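Engineer: Fit chain C to the known structure of chain R by using the hints.
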Amino acid sequence: MSTTLVDRSTVPGPGPLRPFSFPPIDHLTLTNGLPVLYARTDGVPVVTFSLLIPAGGIREQREDAGLATLTGSLLESGTLRLDAPTIAQRLEKLGVRVHVGSSWEVSHVDFTALADRAAAAAELIAELVREPSFPAGEVERLRNEQLASIVQRRAEPRGLANEAAARFIFSEDTPFSRPLTGTARTVSALDRDEIASFHARNFTPQGAALVVAGNADPATVRDIAESSFGSWSGGEPESAAGPVFPRTDGPQVVVVERPGAVQSEIRVGHIGVPRKVPDYFQILVMNTILGGAFSSRLNLNLRERHGFTYGVSSGFVMRRKPGPFIVSTAVQTEVTGRAVSEILFELRRIREGDVTDAELSDARQYVAGTFPLRLQTTDGVASRLAELAIYDLPDSYLADFAERILAVSADEVVTAARQHVEPDRLTVLVVGDPEHVRPQLEALGIGQTVSIRPEEME
Amino acid sequence: MRFPIERYELDNGLRIVLSEDRSQPVVAVNLWYDVGSRNERVGRTGFAHLFEHMMFQGSENVPDTQHIAHVERVGGSMNGSTWLDRTNYFETVPSNRLELALWLESDRMGFLLPAMTQEKLDNQRDVVKNERRWRVDNQPYGDWDERIQAMVYPPDHPYHHSVIGSMEDLDAATLDDVKEFFRTYYAPNNAVLTICGDFDRANALALIERYFGGIPRGPEPPALPGRPQIQSKLDRPVEATVEADVGLARIYLAFRTPPYGDDRFYAADVAAHVLTSGKSSRLYDALVREQRLAQSVVGFAFPIVTGASMVVLWATANPGIPLERLESAVWKELDLVRSGNCTVDEVDRVLTGVEARQVIGLQKVSERADQLSMLTTLFDDPELINTELDRYRAVGVKEVTRFAEEYLTPENVAVLRYLPRAASEEAA
Numbered sequence: 014m015s016t017t018l019v020d021r022s023t024v025p026g027p028g029p030l031r032p033f034s035f036p037p038i039d040h041l042t043l044t045n046g047l048p049v050l051y052a053r054t055d056g057v058p059v060v061t062f063s064l065l066i067p068a069g070g071i072r073e074q075r076e077d078a079g080l081a082t083l084t085g086s087l088l089e090s091g092t093l094r095l096d097a098p099t100i101a102q103r104l105e106k107l108g109v110r111v112h113v114g115s116s117w118e119v120s121h122v123d124f125t126a127l128a129d130r131a132a133a134a135a136e137l138i139a140e141l142v143r144e145p146s147f148p149a150g151e152v153e154r155l156r157n158e159q160l161a162s163i164v165q166r167r168a169e170p171r172g173l174a175n176e177a178a179a180r181f182i183f184s185e186d187t188p189f190s191r192p193l194t195g196t197a198r199t200v201s202a203l204d205r206d207e208i209a210s211f212h213a214r215n216f217t218p219q220g221a222a223l224v225v226a227g228n229a230d231p232a233t234v235r236d237i238a239e240s241s242f243g244s245w246s247g248g249e250p251e252s253a254a255g256p257v258f259p260r261t262d263g264p265q266v267v268v269v270e271r272p273g274a275v276q277s278e279i280r281v282g283h284i285g286v287p288r289k290v291p292d293y294f295q296i297l298v299m300n301t302i303l304g305g306a307f308s309s310r311l312n313l314n315l316r317e318r319h320g321f322t323y324g325v326s327s328g329f330v331m332r333r334k335p336g337p338f339i340v341s342t343a344v345q346t347e348v349t350g351r352a353v354s355e356i357l358f359e360l361r362r363i364r365e366g367d368v369t370d371a372e373l374s375d376a377r378q379y380v381a382g383t384f385p386l387r388l389q390t391t392d393g394v395a396s397r398l399a400e401l402a403i404y405d406l407p408d409s410y411l412a413d414f415a416e417r418i419l420a421v422s423a424d425e426v427v428t429a430a431r432q433h434v435e436p437d438r439l440t441v442l443v444v445g446d447p448e449h450v451r452p453q454l455e456a457l458g459i460g461q462t463v464s465i466r467p468e469e470m471e
Numbered sequence: 003m004r005f006p007i008e009r010y011e012l013d014n015g016l017r018i019v020l021s022e023d024r025s026q027p028v029v030a031v032n033l034w035y036d037v038g039s040r041n042e043r044v045g046r047t048g049f050a051h052l053f054e055h056m057m058f059q060g061s062e063n064v065p066d067t068q069h070i071a072h073v074e075r076v077g078g079s080m081n082g083s084t085w086l087d088r089t090n091y092f093e094t095v096p097s098n099r100l101e102l103a104l105w106l107e108s109d110r111m112g113f114l115l116p117a118m119t120q121e122k123l124d125n126q127r128d129v130v131k132n133e134r135r136w137r138v139d140n141q142p143y144g145d146w147d148e149r150i151q152a153m154v155y156p157p158d159h160p161y162h163h164s165v166i167g168s169m170e171d172l173d174a175a176t177l178d179d180v181k182e183f184f185r186t187y188y189a190p191n192n193a194v195l196t197i198c199g200d201f202d203r204a205n206a207l208a209l210i211e212r213y214f215g216g217i218p219r220g221p222e223p224p225a226l227p228g229r230p231q232i233q234s235k236l237d238r239p240v241e242a243t244v245e246a247d248v249g250l251a252r253i254y255l256a257f258r259t260p261p262y263g264d265d266r267f268y269a270a271d272v273a274a275h276v277l278t279s280g281k282s283s284r285l286y287d288a289l290v291r292e293q294r295l296a297q298s299v300v301g302f303a304f305p306i307v308t309g310a311s312m313v314v315l316w317a318t319a320n321p322g323i324p325l326e327r328l329e330s331a332v333w334k335e336l337d338l339v340r341s342g343n344c345t346v347d348e349v350d351r352v353l354t355g356v357e358a359r360q361v362i363g364l365q366k367v368s369e370r371a372d373q374l375s376m377l378t379t380l381f382d383d384p385e386l387i388n389t390e391l392d393r394y395r396a397v398g399v400k401e402v403t404r405f406a407e408e409y410l411t412p413e414n415v416a417v418l419r420y421l422p423r424a425a426s427e428e429a430a
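Chains as they are written, first to last, in the numbering used here: chain R, 14 to 471; chain C, 3 to 430.
Bound conformation, chain R alone:
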């Protein structure tokens, strides 16, 4: 075969498109009213179950920060019939790893199993969720483990920067200002009674949902769901925390002191938008151009042009209530001020309306095209179903996702930027060496610069 005449200078075009469609979603309701969302996939015989329980951080009182997380991690510590080592062994005999986690919205219990073991795994998980015994020794042990993880987070620049950014962006009485896993003060005070009571009030099928994705027969899925969760009962969960407020109206600069640090962890942001924001798709495309892809403006500027960083990204963290909009990066200490200045430049520029046709079309294709890539696994599909359940979105959101993204116009991108990126309200937070970083930040003249030591952050 002759290969010398290949024309390499032209970018190859597309072949015939094989369209992607989200697998059909079945909605079932168990006898106790628990909704089940089920998507049948074509791949290997593997099933993911994810139980979403209305026991997220927004249902904690301020002084109990970390309670939802601790309650969740105790589910594997014992039930009325099984002790912790027995639970661990039974799960491992099924080849199953259970993940229990708490977000602001929900506590979730997830597992992925080979399809023929899903029924046994679901039955065991149901017992953990419905009948935990919270043994006193395990409460103490896991509370200490959570306290130790707080020590680790504070010693780690990325974890420290994320915690501090939330603290300085949101007002003190907004739950999002606290770390989900709590602080040393709040976690030390949590006791077994509070945990048992939080569980009794919020681990309830009212407001819960079960999502299932995998290659399994629908009747089997229904039977498993019904026999494991159909007789689960409980009342209304307690009400969630109130509205979201910023800590300050104007711009602020915060240095979290880490003397001798060779790199500065930078967070620049402000309060963003809730998940059900009307211009969701426009915001996704706008953020992709700004800092949501490798080829985004921020990354091409800070990394590929200036070599300041290994990477930079921006994102809107969307919850039922507005989460943060935040730019994150780490740069060498000497260029901290210049890096912040380039970030501010890009945040202003995206509002100015110079989005090119190529930028727009690349960003739309990227967001629409990568959507199916995350649906190759059963847990990828399950996490999309969970999005429907948690944020009360219609199924059409998944079916129409690509179409909606591809319809976003340049004007809509600029409108979204002007509305949702607000350079005058920014918190600029740097975890770094104060001696070198502070003068660089003060020279930018953004606003008053305050310094804080990690141990001063309660």
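Honestly, the hints are just simulated from the structure, not real lab data.
Keep in mind the model is a prediction, meaning the values are calculated, not measured.
Here a beta-carbon is modelled for each residue, glycine too, at the ideal position from N, C-alpha and C.
Treat the hints with care, since some could be wrong.
[What the hints assert, rightly or not] Cross-link-like lysine-lysine pairs, in silico, DSBU-like; alpha carbons within 30 Å at most:
1. C:K181 <-> R:K106
2. C:K334 <-> R:K106
3. C:K400 <-> C:K281
4. C:K181 <-> C:K235
5. C:K281 <-> C:K334
6. C:K122 <-> R:K106
7. C:K235 <-> C:K122
8. C:K122 <-> C:K181
9. R:K289 <-> R:K334
[As the list claims (entries may be wrong)] Example chain R residues on the side facing chain C (calculated, C-beta under 10 Å, incomplete):
10. P29
11. S240
12. G324
Structural biologist: Chain C only, in chain R's frame:
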């Protein structure tokens, strides 16, 4: 479950692995080059990885920054990574964009050098130095692997230095080094190309021939530098204690073992799981749950093939627990495993987990493609993706005990301790 595999080889020596799966309209393209940090010469640590960055800086027909942009703008994802034994490059794209991915990969395999400039090298050198700061220098315990490698492998072994390399050596890299490295290692006869997912075989083979067929075979790559063949055990134990900006004290135990591919390596991997994988594992049960000495335990066997591999275990001490107490508790558990205390039930649970994770973990075409490239590069045997579980199943209590007796010993260990700086100053 069995993945279909077909193998081909081009005249220029490029090895091809195809694995079809039409369940989703996506396709993964994955290239392994048989070059990693183990090939670096003295004074150029970190160069294989720096070079990997240069592979994203354009080639003769792909302008600066456009390699990644081309993939992103068709809705694909991509990356590359460098490790001890290899460098890989990969993209997952909608299946009607297979040709684009092959064009991009072939352009940089065959036509990279015309696009290389001093300016791009200087820029990526800065990026990589920031990657080092981010991963290693500004991260608690971030230099553990660098320290452990230096302790477990002698100075003339290719694994003695880390993949990320030293700042000094990164500074010393030149454009001539880029050219020489490319000509030495980046040739079709030193690479494996895997395509996995939704493609038509005849079309894929024609495209591969079209874009890669004309790239000339390169010279045989030189032998590895230094002394790659070493004993599978340490001559004597080594230890080090460092004071650093860490929140909690931590101890690492690294045991030198036979390399990946050896029967005993599978026993090593199963032993590492018995000790640390999951909440019924021995170290979790004893140190975390029962005795409450540790906040967490981690352990694994490194899938590396040059001379010898390692099993590494680490345990992070709970606040207020002296590291010596934790250390002796770890040894007590290792003594038990060595004395034959491990049960059939434990080994069965580990094998059940390995099997389940193999099926669950290979759902993505990109994961499968990477495994196939790996098994072909390291063992010239992509079928291992379907048969490697048999090698795990051949491991029983006897093999785990024998492995532990021989390798998980106080004579064959590198011990690395991290102490929080403030605490150690108070103690002084």
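Engineer: Now, for every hint given, state plainly whether the structure supports it.
Structural biologist: Each hint, compared with the structure:
Taking the CA atoms of K181 (chain C) and K106 (chain R), the gap is near 53 Å; set against the 30 Å cutoff, the hint is violated. The suggested pairing of K334 (chain C) with K106 (chain R) holds, with an alpha-carbon distance near 26 Å, which does not exceed 30 Å. Restraint check for K400 (chain C) and K281 (chain C): the C-alpha separation of about 23 Å stays at or below 30 Å, so the hint holds. With a CA separation close to 38 Å, the supplied pair K181 (chain C) and K235 (chain C) exceeds the 30 Å bound.
Taken as a hint, the K281 (chain C) and K334 (chain C) pair is honoured in the structure, with Cα atoms around 18 Å apart against an allowance of 30 Å. Of the supplied pair hints, the one linking K122 (chain C) and K106 (chain R) is violated, its CA atoms being roughly 53 Å apart against a limit of 30 Å. Proposed proximity of K235 (chain C) and K122 (chain C) is contradicted: the alpha carbons are some 43 Å apart, above 30 Å. For the proposed pair K122 (chain C) and K181 (chain C), the alpha carbon gap of about 13 Å is at most 30 Å, so the pair holds.
Distance hint between K289 (chain R) and K334 (chain R) is fulfilled; the C-alpha atoms sit about 9 Å from each other, no more than 30 Å. Because the smallest distance between the Cβ of P29 (chain R) and any Cβ of chain C comes to about 6 Å, under 10 Å, the interface hint for this residue holds. The beta carbon of S240 (chain R) comes no nearer than 22 Å to any beta carbon in chain C, farther than 10 Å, and the hint placing it at the interface is violated. Below 10 Å, beta-carbon pairs count as interface contacts, and G324 (chain R) has one with chain C at about 8 Å; its hint therefore holds.
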